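Visitor: Note that the protein sequences, when read in sequence, are chains Z and H. Count along the first sequence from 1, add 76, and you get the number used in the numbering used here. Count along the second sequence from 1, add 1032, and you get the number used in the numbering used here.
Take these hints with a grain of salt, some might be off.
[Stated by the list, open to error] To give a feel for the contact side, a few chain H residues facing chain Z, derived at Cβ under 7 Å:
no.: 1; residue: A1059
no.: 2; residue: Q1094
no.: 3; residue: S1097
no.: 4; residue: A1105
no.: 5; residue: V1118
Worth flagging that the hints you see were computed from the coordinates, not collected in a lab. Note that this is a predicted model, so its numbers are computed, not measured. Quick reminder that beta carbons are idealized off the backbone N, C-alpha and C, glycines included.
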Amino acid sequence: MIPIDLPTIWAFIIAFAVLAYVVMDGFDLGIGILFPAFEDRERDRAMNSIAPVWDGNETWLVLGGGGLMAAFPMAYGVIFSALYTPIVAMLLALIFRGVAFEFRWRKAEHRKYWDIAFTLGSVVAALAQGITLGGLLQGIAVNGRSYGGGWWDWLTPFSVAVGVALVCGYALLGATWLIMKSEGSLLDRCYPLAQRFAVATIAGMAIVSAWTPFLANDYYRRWFAWPQVLFTAQVPLLVAIASVGFFFALRHRRSYWPFLIALALFALGLIGLGISLYPYVVPRSITIWDAAAPTQSLVFMLVGAAIMVPIILAYTGYAYWVFRGKTADEGYH
Amino acid sequence: MLLLGLWSLLARVRHKLYDWPWLHRLALVMGPAGFVAVIAGWVTTEVGRQPYTVYGLLRTAQSVSPLQAPAVATSLLAFIAVYFIVFGAGILYVLHLMASPPQEAEPGPRPGPQRAAGITPAAAVASGERSTP
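Excised from the complex, chain Z in its bound form (with noise of 0.2 Å):
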């Protein structure tokens, strides 16, 4: 019998998580993100492409956070003591963010402050989740099997730098998913904001990736050392392919390719993540395996998972097919 490695599995799940996260909630918050760019009207329609998603979307943090419990206890308890402060930003922030929705319809005068709450709220929760991956990456002070260090550690320029580059890449997604669900004055709006929010999320993830293997030598070694450079440069070297395929689909004003080869950059990006990572969990102190629960928890929670996922992922997948294409003017003439 070939055996289990039950961490490993959990570490793809999380992973998947988070990237199914990323992804989706990342085009939403693009949205708030994009909001003081808009008219009025604009407005509502930008925001109606996403009402019946965006609650979805956000429940695979959810997932990747109580999956991270459930799994790695250990490593929970550490990372999110040590990234406590910019955790419970994300999570004030999408209080205001996720009430917007609602609330901005209530009363006409009340709008524009909904409206600041909206961007607010998405720019706060977006930079706050940078901050929380870079503050990872970064490195972080363990004592024994918990958090060793202050409530400002996380505070770094790098750990700032990822914050506004993960800003510009939600920004950048929140576009591209306008540029396919929208039509009209929206639309023109969303190709040079497309353009733009491109050109600063590739260079903010070449800024990140030139950075991370200098903040320590293990993950210098990760990147350059021979003969695995020769499959680690495939990443930048797709992420280069993927940019200039972004920009020829700009120019020829493509409605689906723009969104998915957003799309593939952050998939890139977190295969990146994976290989200055794995098999890390907290950098170079705590592996999945030092981490992991007790194998019974891990394959109780394995079942409800393997059924659990799948279901999500069919909903999920029907609730983006019956709101397909172009979103028009509902409900508010």
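Guided by the hints, dock chain H onto chain Z, whose structure is given.
Guide: Same frame as chain Z, but now just chain H:
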């Protein structure tokens, strides 16, 4: 709350759901009952399990995270402030909705998938006080 449920079930079976004023008055008064029940239940579990996090196994004092006190104090204050703003606005809008009773011949939601956020049957409520373009 059970009584209200049974009473309205009776009204539904007899096709009198829209005709019994005292049922409507009770339903109106019972509006906040759901909130009260949820919060009361939450307080009961959280207070009742002390001093344990996992009842009989793990004490609350043993399960504290290595967080600094200012971090916890700041986040607690931030949550209180945010909840006051959001719940305050929510109560305001609930009262606002209740102040405009249903009208005759109001258009309901159209059949087919509805993409709209904040969908409410009454177009006048959904569009706020904004003049129609």
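Visitor: If a hint holds in the structure, say so; if it does not, say that too.
Guide: Each hint, compared with the structure:
Hint on A1059/H is violated. Least Cβ distance to chain Z is approximately 22 Å, over the 7 Å limit. Interface restraint check for Q1094/H: the shortest CB-CB distance to chain Z comes to about 12 Å, outside 7 Å, so the restraint is violated. Interface restraint check: S1097/H against chain Z, minimum CB-CB distance 5 Å, threshold 7 Å, status holds. Interface hint at A1105/H: violated, since its Cβ lies 11 Å from the closest Cβ of chain Z, which is beyond the 7 Å cut-off.
Interface restraint check: V1118/H against chain Z, minimum CB-CB distance 6 Å, threshold 7 Å, status holds.
Hints 1, 2, 4 from the list above are not met by this structure, while the remaining hints are.
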